[in-house]
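Colleague: Sequence:
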Amino acid sequence: MSVLPEERKNEILKELNKMGKVKVIELVEQFNVSEETVRRDLMILEEKGLLKRVYGGAIKKVFEFKEPPFTQRTTVNQEAKVRVGKKAVELISNGDVIVIDVGTTMLEFAQCIKNKKDITILTNSLPVSSVLTELLNQNKFTGQILLLGGQIDPKQQSISGGLTEQMLNQFNIDKAFISAGGVSFQSGVSNYHLHEALVSRKMVEVAKQVILLTDYSKFGVDTFCKVCPLEKVDVIVCEQPFPEEWRNYSKLEEINWIQA
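Residue 248 in full-length UniProt numbering sits at position 248 of the sequence shown; the count goes up by one each step and never skips.
Treat the hints with care, since some could be wrong.
[What the hints assert, rightly or not] Pairs of lysine-lysine, DSBU-like flavour, derived with a Cα cap of 35 Å: (1) Lys9 with Lys232; (2) Lys86 with Lys14; (3) Lys87 with Lys18; (4) Lys86 with Lys114; (5) Lys86 with Lys52; (6) Lys87 with Lys60; (7) Lys140 with Lys155; (8) Lys117 with Lys140; (9) Lys117 with Lys14; (10) Lys232 with Lys251; (11) Lys232 with Lys52; (12) Lys86 with Lys21; (13) Lys52 with Lys116; (14) Lys155 with Lys9; (15) Lys226 with Lys21; (16) Lys155 with Lys86.
Everything labelled a hint here was simulated from the structure, so no lab data went into it. For clarity, every value in this text was computed on a predicted model and none was experimentally measured.
Let's have the full structure, built from the sequences with the hints guiding it.
Modeller: This is the structure in structure tokens:
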């Protein structure tokens, strides 16, 4: 099996999410590469916080508490995030009132919003609001942008807190585009940060439709704070196909899975 390095890493993550662990010797045989190549792949994925290396292979991180600062995450799985962002823009209709969550995937999504008319966008992300403002000034779309108020987290470049949640109660929102630190069948959508998770939870509560944007590296991962169970999500946009291991769960049948 001959694949490109990034494809190989994605395949390793898919196997990890499915089985919970991978073995170096099996990956060597599967990809027809050297042990050194496989170990280097695992080291890179570990540095990105996507797995934990152990003797003879790697295991997935069952619980994640810490997340790197926003600026350190912008290049992680960027190609997948771009694909997800471009596909998700197709779900915005003219005249929509939408809310956009925080995170690097949301930044890629925001950069793709063009040729939409009379849309209202709420967000608690400073980078997203900056990108949208520039696009609005360039007449890439028409409408208005509302930056939700609250406490600023300089490392994550997000806004959260009770004030943010209260503001969300004031609007009739058509679609919430939410992010995730982790996604699993058992725990649903989760986030690393308590206050960000509470804001995301409020977005889910007030929106008529909930759309989760995520790359496949988040699957099988549980982070610190639960946002919502998967059955609360209407649409998932991901660069990979629907997980085979989910097909036996009837309560996920209502989710519209869109592969980017």
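Colleague: Now look at each hint and say whether the structure bears it out.
Modeller: Hint-by-hint comparison with the structure:
Pair hint lysine 9 plus lysine 232 holds up; C-alpha atoms about 30 Å apart against a cutoff of 35 Å. Of the supplied pair hints, the one linking lysine 86 and lysine 14 holds, its CA atoms being roughly 22 Å apart against a limit of 35 Å. Restraint check for lysine 87 and lysine 18: the C-alpha separation of about 25 Å stays at or below 35 Å, so the hint holds. Simply put, lysine 86 and lysine 114 have alpha-carbon atoms about 10 Å apart, close enough for the 35 Å limit, and the pair holds.
For the suggested pair lysine 86 and lysine 52, the alpha carbons sit about 31 Å apart, so the restraint of at most 35 Å is met. Our distance criterion of 35 Å between C-alpha atoms is met by lysine 87 and lysine 60, whose separation comes to about 28 Å. Proximity of lysine 140 to lysine 155 is assessed by CA-CA distance (about 29 Å); at most 35 Å being required, the pair is judged to hold. For the suggested pair lysine 117 and lysine 140, the alpha carbons sit about 9 Å apart, so the restraint of at most 35 Å is met.
Restraint check for lysine 117 and lysine 14: the C-alpha separation of about 38 Å exceeds 35 Å, so the hint is violated. Restraint check for lysine 232 and lysine 251: satisfied, since their Cα atoms lie roughly 10 Å apart, inside the 35 Å limit. Between lysine 232 and lysine 52 the alpha-carbon distance is near 30 Å, which keeps this suggested pair within the 35 Å criterion. Restraint check for lysine 86 and lysine 21: satisfied, since their Cα atoms lie roughly 32 Å apart, inside the 35 Å limit.
Between lysine 52 and lysine 116, the direct Cα distance comes to roughly 42 Å. Violation of the 35 Å bound is thereby established for this hinted pair. Proposed proximity of lysine 155 and lysine 9 is supported: the alpha carbons are some 28 Å apart, at most 35 Å. In summary, the hint linking lysine 226 to lysine 21 is supported, as the alpha carbons are separated by about 24 Å, within the 35 Å threshold. A distance of roughly 26 Å separates the Cα atoms of lysine 155 and lysine 86; the hinted pair therefore holds under the 35 Å criterion.
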